[in-house]
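Residue numbers (our numbering), protein chains in the order written: chain A, 564 to 817; chain B, 564 to 817; chain C, 564 to 817; chain D, 564 to 817.
Be aware that a few hints might be false.
Pairs involving identical chains hold if they fit within one copy or between any two copies, as the list cannot separate such chains.
Under the rule of at most 20 Å between Cα atoms (straight-line distance), these lysine to any residue pairs were calculated in the SDA-like manner [what the hints assert, rightly or not]:
1) K574 - L742
2) K608 - K741
3) K722 - L622
4) K670 - I569
5) K741 - Y613
6) K608 - F678
7) K741 - V628
8) K578 - D648
Rather than coming from a laboratory, the hints here were simulated on the basis of the structure.
Protein chains: 4
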Amino acid sequence: MEEVIIDYSQKPEVKNPILIEGLPGVGNVGKLAAEHLIDKLEAVKFADMYSKHFPPQVLVGDDGVVRLVNNEFHLAKAKNDATNDLIILVGDYQGMTPEGQYELAHKILELAQEFGVKKIFTLGGYGLGKMVKAPRVLGATTDQNLVEEMKNFGITFTKGEPGSGIVGASGLLLGLGKLVGIDSVCLMGETSGYFADPKAAQAVLEVLTSILHVTIDFKDLELKAKEIDQMTTRLKDLEESIMESQREDLNYFG
Amino acid sequence: MEEVIIDYSQKPEVKNPILIEGLPGVGNVGKLAAEHLIDKLEAVKFADMYSKHFPPQVLVGDDGVVRLVNNEFHLAKAKNDATNDLIILVGDYQGMTPEGQYELAHKILELAQEFGVKKIFTLGGYGLGKMVKAPRVLGATTDQNLVEEMKNFGITFTKGEPGSGIVGASGLLLGLGKLVGIDSVCLMGETSGYFADPKAAQAVLEVLTSILHVTIDFKDLELKAKEIDQMTTRLKDLEESIMESQREDLNYFG
Amino acid sequence: MEEVIIDYSQKPEVKNPILIEGLPGVGNVGKLAAEHLIDKLEAVKFADMYSKHFPPQVLVGDDGVVRLVNNEFHLAKAKNDATNDLIILVGDYQGMTPEGQYELAHKILELAQEFGVKKIFTLGGYGLGKMVKAPRVLGATTDQNLVEEMKNFGITFTKGEPGSGIVGASGLLLGLGKLVGIDSVCLMGETSGYFADPKAAQAVLEVLTSILHVTIDFKDLELKAKEIDQMTTRLKDLEESIMESQREDLNYFG
Amino acid sequence: MEEVIIDYSQKPEVKNPILIEGLPGVGNVGKLAAEHLIDKLEAVKFADMYSKHFPPQVLVGDDGVVRLVNNEFHLAKAKNDATNDLIILVGDYQGMTPEGQYELAHKILELAQEFGVKKIFTLGGYGLGKMVKAPRVLGATTDQNLVEEMKNFGITFTKGEPGSGIVGASGLLLGLGKLVGIDSVCLMGETSGYFADPKAAQAVLEVLTSILHVTIDFKDLELKAKEIDQMTTRLKDLEESIMESQREDLNYFG
Chain A
564 MEEVIIDYSQ KPEVKNPILI EGLPGVGNVG KLAAEHLIDK LEAVKFADMY
614 SKHFPPQVLV GDDGVVRLVN NEFHLAKAKN DATNDLIILV GDYQGMTPEG
664 QYELAHKILE LAQEFGVKKI FTLGGYGLGK MVKAPRVLGA TTDQNLVEEM
714 KNFGITFTKG EPGSGIVGAS GLLLGLGKLV GIDSVCLMGE TSGYFADPKA
764 AQAVLEVLTS ILHVTIDFKD LELKAKEIDQ MTTRLKDLEE SIMESQREDL
814 NYFG
Chain B
564 MEEVIIDYSQ KPEVKNPILI EGLPGVGNVG KLAAEHLIDK LEAVKFADMY
614 SKHFPPQVLV GDDGVVRLVN NEFHLAKAKN DATNDLIILV GDYQGMTPEG
664 QYELAHKILE LAQEFGVKKI FTLGGYGLGK MVKAPRVLGA TTDQNLVEEM
714 KNFGITFTKG EPGSGIVGAS GLLLGLGKLV GIDSVCLMGE TSGYFADPKA
764 AQAVLEVLTS ILHVTIDFKD LELKAKEIDQ MTTRLKDLEE SIMESQREDL
814 NYFG
Chain C
564 MEEVIIDYSQ KPEVKNPILI EGLPGVGNVG KLAAEHLIDK LEAVKFADMY
614 SKHFPPQVLV GDDGVVRLVN NEFHLAKAKN DATNDLIILV GDYQGMTPEG
664 QYELAHKILE LAQEFGVKKI FTLGGYGLGK MVKAPRVLGA TTDQNLVEEM
714 KNFGITFTKG EPGSGIVGAS GLLLGLGKLV GIDSVCLMGE TSGYFADPKA
764 AQAVLEVLTS ILHVTIDFKD LELKAKEIDQ MTTRLKDLEE SIMESQREDL
814 NYFG
Chain D
564 MEEVIIDYSQ KPEVKNPILI EGLPGVGNVG KLAAEHLIDK LEAVKFADMY
614 SKHFPPQVLV GDDGVVRLVN NEFHLAKAKN DATNDLIILV GDYQGMTPEG
664 QYELAHKILE LAQEFGVKKI FTLGGYGLGK MVKAPRVLGA TTDQNLVEEM
714 KNFGITFTKG EPGSGIVGAS GLLLGLGKLV GIDSVCLMGE TSGYFADPKA
764 AQAVLEVLTS ILHVTIDFKD LELKAKEIDQ MTTRLKDLEE SIMESQREDL
814 NYFG
């Protein structure tokens with residue numbers, strides 16, 4: 564069978580399209596951001612991507628109907644001030660092997676070229692391994708000019724970050740995209756990486772929407788962030804009360 | 564060499580065929596059920612499937628003659644009330660890698676399309692990790708209408724079960740089958756998953772034969788189930804007597 | 564690059580050829596036996612087989628010249644009573660993955676068919692996990708008639724041995740060979756499996772040469788077997804003297 | 564996508580080219596040596612090699628611009644006494660799987676043949692697992708005459724070294740190169756293997772430049788070697804002072 568299958572429900576007309584990728588990864592930042600964008604811009608799915616490089620697995624919906632694990636392309640037509648149609652890529656998994664990652668990124672870029680995509684934004688998380696109060700958004704691009712352009716939107720470019728490079732779809736789309744001449748930017752929201760991180764997703768989206776001249780509300784993400792804040796606060800309180808009681812026990816014997 | 568080889572001993576004529584898959588998996592429920600069906604319906608093998616995605620292994624029969632590990636297609640012609648010829652797929656192994664799983668499922672569906680198969684039933688176990696007295700049969704389908712149809716046969720569709728989806732051939736045949744337009748149903752018998760489970764296989768077959776208007780007897784499966792019940796009872800008794808004697812020892816020192 | 568490369572130094576004329584495979588495996592029985600046969604029959608190498616399914620490695624000779632790891636085909640022309648030319652396959656490695664094993668076996672069979680090979684003998688060890696005084700030779704074949712024929716040469720066919728089938732080249736050549744209609748026999752010498760086992764290799768060769776009407780001397784193998792016997796005896800003596808001295812120490816304190 | 568992509572920035576004219584490979588490996592000896600050679604001979608990159616057999620990763624430069632992980636071909640035109648143009652291969656990674664290693668070496672040899680390369684030198688380290696004062700350079704070649712030729716340059720050919728052969732690109736280019744008739748030499752600098760080893764790289768380069776009639780200075784490598792010497796000396800001193808203070812503590816209690 565083919566390495567990767569693109570299954571169109573409809574082949575849409577697009578104008579000045581920009582591709583936005585948000586697949587699962589560190590803190591699920593990219594996925595959360597892209598799904599929020601699809602939701603708020605009422606983007607419409609126009610193609611499924613299946614591949615033997617995904618797990619051999621179906622997911623079962625609440626109605627008992629199965630769906631083969633996949634990646635999906637959604638289209639949000641330009642509205643108001645925006646001048647670019649957006650093709651938004653989300654999905655259940657990234658490729659399971661290095662070769663699979665390359666095959667999938669290669670196919671995504673073929674689709675991008677077919678639709679005349681001139682710019683790609685890949686969204687992801689930058690794992691710090693500790694709690695982050697106000698996540699910065701780090702950037703990497705295919706081009707020096709793009710770096711300067713992106714700095715105007717508050718994106719951080721720091722020497723040596725990320726030190727080990729960018730692994731997976733968010734990196735490969737830039738690397739392979741550069742080879743076929745597509746300007747591309749990776750936006751990485753700082754995150755602990757301990758859980759799905761809506762705060763980092765919002766930070767990434769605030770920058771991205773400003774670049775795209777798009778206005779969306781962030782209430783859902785803010786709500787999710789608040790829930791997680793409360794949860795972590797409760798955990799910290801619990802931890803402290805346990806330590807406190809232990810200290811009292813020690814005093815008792817002291 | 565080819566990814567997958569279908570080796571026909573004969574290419575049979577089939578009418579209104581339904582494909583039934585029962586390969587090794589959780590509690591070997593699918594395999595036990597499909598093999599019992601082949602046995603009782605006196606289905607006849609018409610093709611072997613070999614693949615480099617199976618282990619590089621031959622099995623040696625009691626007569627000293629080898630057989631390359633494979634999957635097999637058997638045909639049971641419709642009898643009495645039944646209106647569908649049945650193509651029953653059994654075998655030694657599933658594909659050893661994700662890519663192999665996809666290649667094999669793809670080939671099975673090619674064969675299904677060639678024979679005009681309009682519906683697929685995949686049989687499997689749903690592992691609970693604890694003993695099951697009266698196993699339910701859970702279902703998943705490619706289509707909302709099929710869910711409603713299947714509920715009439717006592718199949719359980721519960722929100723969130725199976726939560727992690729269906730992995731392997733039983734899932735892939737539904738997922739890839741849906742893409743080529745073949746209505747498909749997965750039947751999963753509840754099982755501890757600790758051993759080959761004839762009781763779960765019987766539960767699955769009772770539902771399946773009722774759907775197919777087929778009558779078979781279950782004596783062999785019932786016998787196997789009884790043997791396993793006795794074995795587990797003996798194990799439990801042994802366990803209890805050991806615990807009892809330990810308790811007595813403790814009393815002695817008490 | 565191609566999956567498997569056959570590099571002929573010369574394409575020989577062969578009459579009634581039989582293929583004999585002896586690649587590394589349990590107790591290196593097959594490899595020892597096939598190399599001894601090449602040596603004693605003064606077989607001449609006529610082709611190398613290279614593959615990306617072998618390790619990415621060269622071996623360095625004592626003269627400083629490298630050799631890419633490979634498998635080799637040698638030809639021993641029929642002499643005296645023998646009526647079959649022998650194509651003998653030996654090598655450094657078997658394929659490193661299941662897919663690789665299949666690709667290599669497939670290519671070997673293509674070569675066998677090209678040369679008109681009518682029968683294949685694969686040589687291997689049957690690991691018992693304990694020392695063996697007089698190793699039996701177990702057999703498995705592609706055909707019931709062959710089983711009967713082989714029994715005349717003292718080959719053992721026992722129900723349930725080997726229970727888990729035959730894994731690797733020695734099995735696959737039978738399994739895939741059967742599909743293309745080549746009669747094949749696997750000869751397995753019983754071995755502890757703890758070290759390269761010349762005694763098991765000799766047992767296999769005694770049977771094989773008798774089948775082939777070939778006479779060779781076994782001095783080299785007998786010598787190697789004696790060395791290993793002495794080594795294991797010395798180890799056992801050492802072990803016993805240590806245990807003895809420990810017992811005396813205990814008496815001293817007793 | 565293709566297994567391996569060669570992306571030329573320019574297709575250079577070359578005269579009597581020799582290919583020199585220095586990819587990551589034991590003690591990074593080959594990579595250090597080849598990069599030093601590129602630097603000192605002011606070699607110019609003329610092609611990038613990308614592959615799905617490398618990790619799915621981009622590296623981010625200090626300027627925020629990404630680069631897909633790759634291997635690179637550089638050209639140093641012959642100067643002064645030298646009669647050979649040099650094609651120097653360096654890179655971030657070797658292939659991640661055995662199959663990938665073969666595919667990459669195969670492609671490199673295709674390029675070598677296209678440019679009429681008549682000789683290949685592969686550079687690497689020979690790990691000893693202990694500190695080396697004056698590293699020897701061990702050799703291996705595709706040809707007995709080459710061994711004699713190389714001995715004149717002080718290269719060591721010792722029976723049984725390296726005992727396990729040569730694994731990876733440095734070995735495969737010789738092994739596969741031999742099959743297509745390219746004379747090839749592997750030069751291995753002795754190294755502890757504990758860290759990137761500039762001293763071993765210098766030893767390899769001293770031999771290589773003498774063979775190629777090329778003169779370069781080694782100041783940078785000598786400096787790096789001195790730094791590492793100082794670091795290891797400091798570590799040893801620290802270790803000894805700790806042991807000394809422990810001995811004094813023991814005396815105190817003594």
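### Task
Enumerate the violated hints, using their earlier numbering and listing them in ascending order.
none
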